Amino acid sequence: MDAFNNFLQGSVTLFSDPINILIFLGGVIGGMLFGAIPGVSMLTLAAILLPFTAHLSAEQGIMLFSVMYCTGVYGGAITAILFNIPGAPENAPTAFDGYPMTKNGQAGKAVGAAVMCSALGGVVSTIIMMAATAPIADWAISAFGPPEIFALVFFGLAVAASVGAKTFWKGWLSILIGLMIAVVGLDPVGGIERYDFDMPYLLAGIHFIPTILGFFAVSEIFVQAEKKVRGSYTAPKLSVDFPSLSELLAHKFAVIRSIVIGFFCGILPGIGATLAAFMGYNEAVRWSKTPEEFGKGKLEGVISSETANNAATGAAMIPLLALGLPGGALTAMMVGVFQMHDMQPGPLVFLTSADLVWVVFAAMFYANCSILLIGFLETKTIINLLRIPFQFLAPLILLLATVGAYAVRGLTIDIVVMFLAGVVGFFLRRSGYSIAGIVLGLILGKIGEQTFAQAMQMLHFEWSGFFDRPIAFGLLIAGFLTLCGSIYGAFFKKTSAPSSTGSDSPPAPPPPGGG
Amino acid sequence: MRLSKYLAGSAIAIATMALSANTAYAACATDGLPSSMTKPDGYPARALTMVVPYGPAGGSGQVAQAMAQAVTELTGVAINRDHKPGGSGTVGMTAYMATPKDGYTVLEHIDDASSAHALDSTRPNPADDLIPLVTSQITFSQVYIRANETRFTDWESFVKWVTEQNGRATIANVSKEGSMERVTMKFITDATGMQIQQISFDKGAPRYGALAGGQVDALFEQPGDVRNFLDSGKFKPILTILKERPSAFADVPSLSDVALDFDPLFRFRGFYVHKGIPQDRLEWLQWAFQKAYCEESYQKYNESKFMTLIESFRDTEGSRELINTTVMQYRDVYKAMGLEVK
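Chains as they are written, first to last, in the numbering used here: chain A, 190 to 704; chain B, 413 to 754.
Since the hints were derived computationally from the structure, they do not count as laboratory data. All of these numbers come straight from a predicted model, not from anything done at the bench. Some hints here could point you the wrong way.
To be clear about the criterion: a stretch of chain B counts as covered by chain A if any three or more of its residues have a C-beta under 8 Å from a C-beta of chain A, and this derived list gives those stretches [as the list claims (entries may be wrong)]: (1) 441-448; (2) 579-586; (3) 612-623; (4) 738-752.
Per the computed footprint, the stretches of chain A lying under chain B, defined by three or more beta-carbons under 8 Å from a beta-carbon of chain B, are [as the list claims (entries may be wrong)]: (5) 387-399; (6) 550-562; (7) 637-646.
Quick reminder that beta carbons are idealized off the backbone N, C-alpha and C, glycines included.
Pulled out of the complex, with its shape left as it was, chain A reads as follows (with noise of 0.2 Å):
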């Protein structure tokens, strides 16, 4: 009851002044907006109105990276559906069925399917944040180490062989062009220079953002490039029909399963939406009665994917509030619009300025709500862009991934990256190798990768130190276990491997392994 007291004081400080409103509103649209466009994503804008927040109070400073933040995580949807460019890493696996949605004439049945799921999501997150943020904060970081976050990070690529490509070899080959990918400039422990190639750019590694914008983007202009000199190039089918009521209803599962899915990951320090979004999509594949369908434009996997980044947000407020730990880097720019202002978030921010948190929680709260409601009037124009001739409009979607490559480090390297990404894409694309694999073993496998020495010098790098980590072990099994599963399907039994839609169709995948 106290909580639900707090709420209503901190939407009423939130309301009751015209410039938190107005704050609010920035927060909300320009949060939406930045999150559209690719590589130039919310963190762009936080980027550039941190100094500015020296001059808001503190509670505004921090309502409006909050609710940017919200935002800014839905925005990505739709150039992920309607275009095939993510506008942020996490709403890459929008696109695995968004943009095929888009290319059957059902643009405007993905885009609603993301709002409604992203607002939900983020708007249960948001409540399970208000309700018992300590208590959640210091059972992740004591529960939840580099073992751990290996383990998962291991269940994780098992499950995501299994999406995309034609065959069990073809994922996996996948997987490991991306962790291969990965494993390119300095070590992540121990520092060492790996395949550098005597370039200094090279230590920086391969950004998974340019890599993203190449594999997904570009390699599409040039498969529908290709259809256009061939004279197959069909325009998407414009619609608005919004999914009804039913047919949500109907994925209700997913979607309480995404928003768990989704809420763990951004507890974790350092983990977030991306790896939600992931986990989410590869859970819907694995538990379907019809995984084949995924990457052909199921609805369930822009469900999965956006309901799980969304919940991901409140979730990574909780260890920033609580305990100071920011989860990712918008989080950690909130660090320092709190040190502007004299305040160090962490345990006492409850004591000394609960006020503050309050307004913070509301604003996130109605942030969520607003998603529900710009989303619908934003998604009736948008749509429209489709209207664009595709000789218009593939110049300007190469422009904006350009742009957007080149912003993340401001390093060429990453433009040409995206290019020779697009180019591989295009052909790999057409041998049934899976895109999405690659990109998820390049993002898991820099995680993975640190978190298993971490973990191996934890454990004195003895394997066994495993089995007296129950919740590792139990993640290590249920990975096996998929494995297992994979190889099964792969040479036991019989499936017909579908056939590609130039797109990321997946395979009969194996059945759910590992419960």
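With chain A held as given, fit chain B onto it using these hints.
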């Protein structure tokens, strides 16, 4: 008095300030510099660019933002920050070395540039290949445990407990090859005879979370980075890696108190410009960055990061001396550790 003469005088004065604790610095180091300086031939006629080899959210990103803000407040000249993270600062340094030598681009960097040069002399030496404008943060490290820890409560009991574990105790730090953290831990373990497994976390949050969540037994860190954990009573320092106790940590033993006899290594952050830029532009930049150090906003930032416990300021000559001393110190240690020093 010409600025260059003033700076030379101030360098001597600052160089005499030892890196010792318990010193009150009521007056700011560059209060004596003129409050304004005429722009030489209209320079700078446009915004400056600051290359930052780390992301915007970490310690380097924050100090770059605070200094850029202070310089702008002082001079009205805008500074755009260009973050080029990766390769432990190598990428940003490489990108900076390729920029024009016209005084419009400055570099932020930390002591990693000095240790990288110490290990491999083909890497740029920040003292010789660049001109340091100012060193604006110098800080020391500490060893922390959880405040509610019961297995050990102070340095003495910690060393005893770690020794009993026969190498199974753990400490979280950034233990990359040749890093300040690893070198300092070598000093400590050599002197105490204890064996401790170093767990390398390159990002702050997982590192602090590892101690708070009981994943590791101790943490090696600088006090400004864990201030919120100290203020909230979650972490407790058990050793200050300085010869003397700073006033803010009067209850925490220093190296001298526990008979550890080595020269502590410092984490320092500063700002640099190309060698060979026109002299008048150099003098203006030196004035702007050194004077900005004493701007209220910058001092407030440094205080919030525990950066005023020891003298954080070094001018050009002071910075060179700091870097050269650090490079020699690292080189000796690397040789002793058996690393290949190029």
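Going down the list of hints, with the structure as the test:
no., hint, result
1, 441-448, "violated (count 0)"
2, 579-586, "holds (count 3)"
3, 612-623, "holds (count 9)"
4, 738-752, "violated (count 0)"
5, 387-399, "holds (count 5)"
6, 550-562, "violated (count 0)"
7, 637-646, "holds (count 4)"
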